[in-house]
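Here is what each chain is made of, one letter per residue.
Number of protein chains: 2
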Amino acid sequence: MSEQLPEGNAVIGQSGGPTAVINQSLVGAVEALRGAGAIERVFGARHAVRGMLNEDFVDMGRYSQDDLERFAVTPSAALGSSRDKPDREYGEKIVEVFKKHNIRYFFYIGGNDSSDTCRIVKDVARDSNYDLRSFHIPKTIDNDLLENDHTPGYGSAAKFVAMAFMGDALDNASLPGIKVNVVMGRHAGFLTGASALARRRDDDGPHLIYLPETDFDPDRFVGDVEHVYSRLGRCQIAVSEGINDKAGNFISAMMSGFDETDQHGNVQLSGTGALGDWLAHMLRSRLTPAGGKPPRIRADTFGYLQRCWPDASPVDQLEARKAGAMAAMYALQGRREGSVAIQRVSTIPYKIEMPLVELEKIAGKTRRMPAEYIDGRHDVSQSFLEYLRPLVGTLPVMGRL
Amino acid sequence: MSEQLPEGNAVIGQSGGPTAVINQSLVGAVEALRGAGAIERVFGARHAVRGMLNEDFVDMGRYSQDDLERFAVTPSAALGSSRDKPDREYGEKIVEVFKKHNIRYFFYIGGNDSSDTCRIVKDVARDSNYDLRSFHIPKTIDNDLLENDHTPGYGSAAKFVAMAFMGDALDNASLPGIKVNVVMGRHAGFLTGASALARRRDDDGPHLIYLPETDFDPDRFVGDVEHVYSRLGRCQIAVSEGINDKAGNFISAMMSGFDETDQHGNVQLSGTGALGDWLAHMLRSRLTPAGGKPPRIRADTFGYLQRCWPDASPVDQLEARKAGAMAAMYALQGRREGSVAIQRVSTIPYKIEMPLVELEKIAGKTRRMPAEYIDGRHDVSQSFLEYLRPLVGTLPVMGRL
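Heads up: the sequence lines are chains A and B, in that order.
Numbered per the numbering used here, the first sequence spans residues 1 to 401.
Numbered per the numbering used here, the second sequence spans residues 1 to 401.
Since the hints were derived computationally from the structure, they do not count as laboratory data.
A hint or two may mislead.
Unchecked claim - Straight line, CA to CA, 25 Å or less: simulated BS3-like cross-link-like pairs of lysine-lysine:
#1 Lys293/A - Lys85/B
#2 Lys85/A - Lys361/B
#3 Lys361/B - Lys85/B
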């Protein structure tokens, strides 16, 4: 790739649900791009594609390295994010703005919808013979991008979920009862599965783990809980917000009160405790002995804290930073387009590489948990835990009598 | 107090809702009691008064110092807890068990209900001329004990709430909207008020803080939110689970689905997302422009993670340990009964002392936030933040563009 790089400006945006480390990727890219010969200025687009449409840019050159380091360790999208999903027409408007500002390098940090945006913008530019280099930088706590072993943001969210289940399992052992915890993850169970990291002993929670990849049947669910509760006198349950029946219908969509969909046509699953409350209510009505006292049943929905908790996994931070830097490096090497992917070389010792893959291989597609990571109807496998451990880092030591 | 100490065994129990540091108090007391001349064995009672009733004891002498250190850093009640609230008859049965096992020293870690249990048992023993030394060790994330500047467990829960609001405020700035976060605290707003620690700049959330100490009026609430949202385009709200109307009725009790009360006659407020969902629903129906798109409105209920998150405040850990040790020390000095209280000597430098106060001054009573800590209808005061900061310790550094 010795061809000449186009001279001009770069733009970077952060899209979709923020994570604890999405700013690491921003800073990784900005650091590598600032001072590169072919690139004059590095713009940050406020609120993703909206900022690109409305020419709402921040000059990232004005920040010191100290500023950047502070942004890097801060959860959530420093530039602001958006749920807008551009179609071809939206993409054409963006490319017009890019031309006006001589933007030749486009970096977009996000999930599968964002890589699709990247693809659309790239195609529009190509069709109008505008030399634009388009790069997608992976990000999603859902860990659901194809071509990736895992994605930046997932390790930190998984750490939160594991720590939450560790503390909550002990709380539930102190005041025994049935505890339902609802975890984010619309289509992929990777984050819900991370709850299993909390186990230390055989009788530790979570005792039941329900993933979107397995069919959820309310009757079987009640039976599963009853079985554990009668054996241990307590039962801690991890439930994905995306659990669905055999036909693929979200359980949460069968309940009332879900009247919101976003612009991607997705039903709103987060930001409400309704699914957990509904499951708790069902358990209470089915497990209360005739004329007797109901078991203690509680539900928590972990909500947005899973993606914004300000204590990220160190490995996740490093990899997110590097994913941003690698996108910049590929651009400066003359590559024209692609998505930076994290691929695992080995687990022991833990080693990854970050090739550039075709946008089309990721764009708009969803990866689900492979069968080898799922154990039966309500658990994850040992191989999933081996896969997950290096991404999360050290968890607190716990002592029990 | 040069009189002879009774020779016999000691028992210690952990009661009520667990905290991140209640095991520190257990270990602090056990360390000080083990090896003390007058005390033969130190029993831990499983599940609080239930273990005392059922003679379900653990000999704490069997654990090494390393074991104790591991218990100490582990959240939740290592011995198990209970919500049982003994009456006089229950207390009489406990004293019978104490006599049978020659238990002469009774230590009970808990909140205001637990100090009342301590008082009842003490009175029963006195009335039957049984020489029992009864000590209450404070614990509650609600921070609602009289005679105390603050209570062990509160600082760690406050740290969780502050970190949660820091991360969540940035998340809400990334994808702007209205965000309701429901915080634990039945009668006292100390924990909800801790959300204010998250603020760094003038426009940082939380923008509105609703405490149980101020009347909650749904119409005014909608107006407050609308005011902030129209100014900033976003609004982050801290709501105590215990918000109540002018007559003192819980807002949550006006909704359906609250059919559980515990043995203390308390309505169940935690372990459900219903209050947050109800407030979000009300905002959505009232703030959606005619024919227009509703603002993005989400609700999270932080739930049990507030009291069991395995990353406690270091100051809180130290003080909880010391509160346990001080109870043991007062017993070994020949004191007969009382509650260890944390009283502040100065804020700068931060300095406390731990006198022994009469059980009757704390038992069954609830402290609420003093007026000087409340600012208007929906905020806490600067003096509250000065009071709170030393209890929480260092919070993460955050950088914003």
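Each hint tested on the structure:
Under the criterion of a C-alpha separation no larger than 25 Å, the hint pairing Lys293/A with Lys85/B is consistent with the structure, at around 17 Å. A hinted pair counts as satisfied when its Cα atoms are at most 25 Å apart, and Lys85/A with Lys361/B does not qualify at roughly 61 Å. Pair hint Lys361/B plus Lys85/B holds up; C-alpha atoms about 18 Å apart against a cutoff of 25 Å.
Violated hint: 2 only; the structure is consistent with all others.
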